[in-house]
Amino acid sequence: MLFNSLTFAVFLPVVFALYWLVPYKHLWMQNLLLLAASYVFYGWWDWRLLILLCSLSCLNYLVGRGMHCSIERPARKILLGLGLFGNIGMLFYFKYCAFFIKELVARSAQWGVPLHDPLLKIILPVGISFYTFLSISYIVDVYHRRIAPPKNIIDVLLTLSFFPIVLAGPLERPRTLLPQLQRKRVFDRSQATDGLRQILWGLFAKVVIADNCAEIVNIVFQNYRGYSGSTLVVGTVLFTIQIYADFSGYSNIAIGVAKQFGIEIARNFNYPYFATSIVEFWRRWNMSLTQWFRDYVFLPIAYRMAGRIDAEKWLFINTNVLTYIVGISITWLLTGLWHGANYTFILWGGIHGSFLILQHLLLRPWKRLLKALGVHPENHALKAGGWLVTFAIVCLAWVFFRADSIGQALGHLSHLFSSSLFQWPQEYSRKLLVLIPLGGLIEWLGRKDQYAIANFGLHWPKPARWAWYYGLVFLIFLLSGKGQQYIYFRF
Amino acid sequence: MRRYLINVALFSITPLILLVLALAGYVITDPFRVLYRHDDYTKDMFVIPSRDYVSSEVYIKNKDARHYDSFIFGSSRTVAFQTRAWANYLGDSASPYAFDAYSESFRGIADKLRFIDQHGGRVRNAIILVCRDHSFERGNDESSILLVRHPAVAHTSWLRFHGTFLRGYLNGHFLASYYLYMITGKFVKFMSGYIEERQLAYDPVTNDAITSSIDQEIAKDPEGYYRTRARVFYPRSDSSIVDTVSRIDPDQRMLLAGIRDLFLRHRTRYAIIIAPLYDQVIFNRRDKAALEAIFGPGNVHDYSGKSWITDDIHNYYDNSHFKPFIGDSIMHDIYRKHDRIAAPGFMTTGRGTGE
Chain P
11 MLFNSLTFAV FLPVVFALYW LVPYKHLWMQ NLLLLAASYV FYGWWDWRLL
61 ILLCSLSCLN YLVGRGMHCS IERPARKILL GLGLFGNIGM LFYFKYCAFF
111 IKELVARSAQ WGVPLHDPLL KIILPVGISF YTFLSISYIV DVYHRRIAPP
161 KNIIDVLLTL SFFPIVLAGP LERPRTLLPQ LQRKRVFDRS QATDGLRQIL
211 WGLFAKVVIA DNCAEIVNIV FQNYRGYSGS TLVVGTVLFT IQIYADFSGY
261 SNIAIGVAKQ FGIEIARNFN YPYFATSIVE FWRRWNMSLT QWFRDYVFLP
311 IAYRMAGRID AEKWLFINTN VLTYIVGISI TWLLTGLWHG ANYTFILWGG
361 IHGSFLILQH LLLRPWKRLL KALGVHPENH ALKAGGWLVT FAIVCLAWVF
411 FRADSIGQAL GHLSHLFSSS LFQWPQEYSR KLLVLIPLGG LIEWLGRKDQ
461 YAIANFGLHW PKPARWAWYY GLVFLIFLLS GKGQQYIYFR F
Chain V
183 MRRYLINVAL FSITPLILLV LALAGYVITD PFRVLYRHDD YTKDMFVIPS
233 RDYVSSEVYI KNKDARHYDS FIFGSSRTVA FQTRAWANYL GDSASPYAFD
283 AYSESFRGIA DKLRFIDQHG GRVRNAIILV CRDHSFERGN DESSILLVRH
333 PAVAHTSWLR FHGTFLRGYL NGHFLASYYL YMITGKFVKF MSGYIEERQL
383 AYDPVTNDAI TSSIDQEIAK DPEGYYRTRA RVFYPRSDSS IVDTVSRIDP
433 DQRMLLAGIR DLFLRHRTRY AIIIAPLYDQ VIFNRRDKAA LEAIFGPGNV
483 HDYSGKSWIT DDIHNYYDNS HFKPFIGDSI MHDIYRKHDR IAAPGFMTTG
533 RGTGE
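Protein sequence lines, in the order shown, are assigned to chains P and V. If you read the first sequence in our numbering, its first letter stands for residue 11, the second for the next number, and so on. If you read the second sequence in our numbering, its first letter stands for residue 183, the second for the next number, and so on.
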């Protein structure tokens with residue numbers, strides 16, 4: 011079920027009421043109820059996929075307990091390997107198997123070795139990319155003794171399937187979620203009220219901004235050959251806004267829902283489109299995923315390389331720089347691949363990885379240049395320039411993310427940068443011309459808060475505050491675009 | 183907790199009152215005409231309805247009195263095939279009916295034929311209009327009020343059917359458009375997609391679309407009509423384009439064979455007409471061969487691609503719907519070409535599944 015559906019609007023209050031009816035001293039009952047609710051929520055999509063989620067969670071529980079009970083390091087390593095094989099294997103099978111087989115068949119045909127294409131029709135379980143990563147976090151943290159695996163299986167199952175975050179994140183680490191689930195929870199009115207505000211803002215972003223942008227984005231990307239460059243610019247910028255509003259909206263709703271149950275989920279977006287560099291952008295965008303890849307991919311690679319290369323330089327490149335380049339390249343190619351089984355995502359990841367490496371390499375020369383010119387790094391014009399360049403790079407990279415193929419993406423870009431760039435756009439929306447600046451202004455004003463309207467109007471008298479909330483509800487109701495699936499559900 | 187719940191309850195009072203009022207309005211006004219039986223589903227109807235539902239309901243209402251035995255199946259493009267014109271080729275005893283639906287697929291047509299058959303109806307004559315873009319769709323879009331199908335005909339859930347309309351009604355944009363139009367009687371641009379800008383009437387007996395209002399508008403200022411729609415009538419390619427995507431797979435073949443078998447049982451005289459679509463794309467050759475193998479080459483009439491019909495924009499109301507005089511011309515062409523259209527047992531009737 012979707013967060014913005016009537017079904018969920020009934021589901022949430024029922025679960026909320028049952029949850030807080032249970033006396034808090036019966037913690038296991040509260041967790042059991044949440045687990046049941048999580049399985050109902052997930053199984054609503056397809057009950058067969060619930061079997062997969064449940065089995066994977068049980069595997070991770072057993073692996074965790076096994077590692078905890080084993081003192082010998084080899085035994086723990088074997089169990090870790092088994093757990094990783096199970097999780098990654100499952101992800102690979104459901105998400106990438108058909109793609110790699112198709113590629114193998116296509117390449118071998120090119121090389122003159124025809125292979126039979128088995129025409130695999132594998133359903134992609136919704137949320138699999140997220141809950142397998144949660145699972146990997148769990149078993150790796152248990153292995154490194156960062157968390158103690160609970161004896162109570164309910165706690166583990168719930169950690170790996172908590173319904174607000176199971177489908178599309180945020181990727182809340184088990185080491186922060188598990189202690190909250192093992193602790194008594196007392197109803198906190200201010201937390202719950204804050205959660206409701208966050209849900210409201212998330213719904214506004216998703217239903218009003220993202221879904222309305224999608225109507226034009228879909229048309230423009232489908233028929234890019236028939237549109238002027240300026241129209242393609244409109245489509246590209248609207249997709250940039252759509253994906254942010256969609257994903258941040260979802261994350262805000264997820265965090266707000268979790269707050270209703272006394273659970274704190276870490277923020278996932280920190281106003282990324284205000285970033286003035288690519289590095290800063292990735293410190294603000296989908297932070298839970300970026301941090302996951304940093305902790306479980308980049309840092310292990312970097313430590314391994316640093317441990318193996320003694321020399322200060324290797325192949326004439328400074329070892330630290332080389333480590334960074336290799337680490338970032340692998341991390342970002344995998345980040346791209348995580349988003350989908352298509353070369354477009356890998357290329358998108360590669361583009362961002364390249365700019366991160368470039369920024370890393372140019373950082374010192376840039377600072378020296380600014381010093382030589384007597385320009386302060388916090389200079390407003392410099393910041394504005396940095397913002398513009400960053401936003402442009404991010405927008406253009408999104409074209410690869412959105413396109414169905416690299417050919418389509420390149421075609422889109424070549425049409426974009428044609429002479430028709432200076433014509434009046436053929437597709438635009440007056441509604442969005444008002445909504446987007448309004449949304450952007452609210453985000454700017456609230457940029458120091460966890461989410462844009464966290465403190466907006468809090469000091470107003472109650473009637474004014476409620477009028478503001480009613481206004482948002484009215485806009486959500488009136489301006490909801492044609493319902494679109496959450497973009498990150500595809501991952 | 184108590185204070186929180188009280189605040190939530192108080193905040194919810196206003197939206198709940200509005201919701202109750204809206205629901206009352208839904209029950210009282212029945213905007214989509216799906217809650218109650220109506221004598222005329224299209225009179226004074228300004229909300230765009232589910233064409234499948236209306237066509238099915240009108241058929242159910244009138245079938246015992248009218249004994250319909252000749253049917254035109256297809257999408258909204260069947261507006262070009264008027265039963266009064268078709269009747270000239272059917273004989274005096276024929277009782278024709280336009281059994282269309284928006285974006286109709288062969289799945290929908292098969293369900294309608296089965297429904298007619300199961301309720302004792304006869305199918306003496308049939309025209310099926312094949313559109314490359316709709317006819318081979320598989321699933322039903324139960325989430326769209328325009329495309330949702332009549333549950334009795336499609337064997338789907340009545341609960342889901344009414345749920346679709348209720349959800350469609352509780353859309354803020356729809357509510358605003360609906361009640362604003364109801365109060366003012368004036369169409370405003372933001373209502374498009376929910377309210378009919380130009381009310382298209384349908385004959386309450388034959389279910390024919392009555393195009394007189396749009397025909398009058400064109401007659402008043404023909405050049406103006408097409409000039410203001412220059413973006414709608416997009417330029418076509420100078421060279422011929424053939425559709426390279428084959429849409430008839432083994433499942434579709436079975437479906438089509440089922441339709442053919444029903445025609446054989448009813449000894450139906452039928453014509454499968456591949457629509458002259460504005461995009462001038464030639465129908466996929468493999469699919470055409472499949473249709474001919476199943477229905478008989480003499481019964482499949484291909485009007486796709488470049489022709490005197492598709493070349494002239496004045497033959498169309500928009501880039502999708504061609505005019506009734508084109509339908510008349512096609513029917514004249516078909517019935518004049520062979521006086522037979524799949525006479526039962528005639529050799530041109532296909533037997534296989536077109537494999």
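Read the hints as simulated data drawn from the structure, not as lab findings. Heads up, the beta-carbon is just placed ideally off N, CA and C, and yes, glycines get one too. Take the hints with a grain of salt, since some may be wrong.
[Unchecked claim] Simulated restraints on C-beta separations:
| hint | chain 1 | residue 1 | chain 2 | residue 2 | range |
| --- | --- | --- | --- | --- | --- |
| 1 | V | V202 | P | W54 | 45 to 55 angstroms |
| 2 | V | V370 | P | L431 | 29 to 39 angstroms |
| 3 | P | H469 | V | D315 | 51 to 61 angstroms |
| 4 | V | D397 | P | L114 | 53 to 63 angstroms |
| 5 | V | G354 | P | S65 | 53 to 63 angstroms |
| 6 | P | W54 | V | T410 | 44 to 54 angstroms |
| 7 | P | W55 | V | D246 | 37 to 47 angstroms |
| 8 | V | L352 | P | H36 | 33 to 43 angstroms |
| 9 | P | L451 | V | T196 | 23 to 33 angstroms |
| 10 | V | S394 | P | F427 | 45 to 55 angstroms |
| 11 | V | M183 | P | S65 | 52 to 62 angstroms |
Structure-based check of each hint:
no. : hint                                : in the structure
1   : V:V202 / P:W54: 45 to 55 angstroms  : violated (27 angstroms)
2   : V:V370 / P:L431: 29 to 39 angstroms : holds (34 angstroms)
3   : P:H469 / V:D315: 51 to 61 angstroms : holds (56 angstroms)
4   : V:D397 / P:L114: 53 to 63 angstroms : holds (59 angstroms)
5   : V:G354 / P:S65: 53 to 63 angstroms  : violated (42 angstroms)
6   : P:W54 / V:T410: 44 to 54 angstroms  : holds (47 angstroms)
7   : P:W55 / V:D246: 37 to 47 angstroms  : holds (44 angstroms)
8   : V:L352 / P:H36: 33 to 43 angstroms  : holds (38 angstroms)
9   : P:L451 / V:T196: 23 to 33 angstroms : holds (27 angstroms)
10  : V:S394 / P:F427: 45 to 55 angstroms : holds (50 angstroms)
11  : V:M183 / P:S65: 52 to 62 angstroms  : violated (37 angstroms)
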